[in-house]
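J.: The sequence shown begins at 1 in the working numbering and counts up by one.
Treat the hints with care, since some could be wrong.
Simulated restraints, written as ranges between beta carbons of each label pair [said to hold, decoys possible]:
| no. | residue 1 | residue 2 | range |
| --- | --- | --- | --- |
| 1 | Leu11 | His45 | 47 to 57 Å |
| 2 | Leu42 | Leu65 | 26 to 36 Å |
| 3 | His45 | Met8 | 25 to 35 Å |
| 4 | Val40 | Ala61 | 24 to 34 Å |
No lab work stands behind these hints, which were simulated from the structure alone.
Every residue gets a Cβ at the ideal spot worked out from N, C-alpha and C, and that includes glycine.
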Amino acid sequence: MNELYLIMRDLLEVEYNQKSLLRVLETLETAYEEPEQEDVKLIVHHIRGSIRESQAELREAIGRLDSYTAKAA
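Required output: the full structure, derived from the provided sequences and hints.
T.: Pasting the structure below:
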């Protein structure tokens, strides 16, 4: 059971790091608002979308692990 808690902690840390990365991307997008920087904005937008997909999958995994540990406890 202790191993499951360690896994959960690791997953939550990944989730936190993803949120931090999204904040960095938002800052980049704001910094490159000039029309000639459209390529950078498109790249940032694509990366943000990929991170959000990953976050959804991670939240689902955390939910399943949380349910499992609650039942096993």
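J.: If any of the earlier hints don't hold here, list their numbers in rising order.
T.: As far as the earlier hints go, only 1 is violated by this structure.
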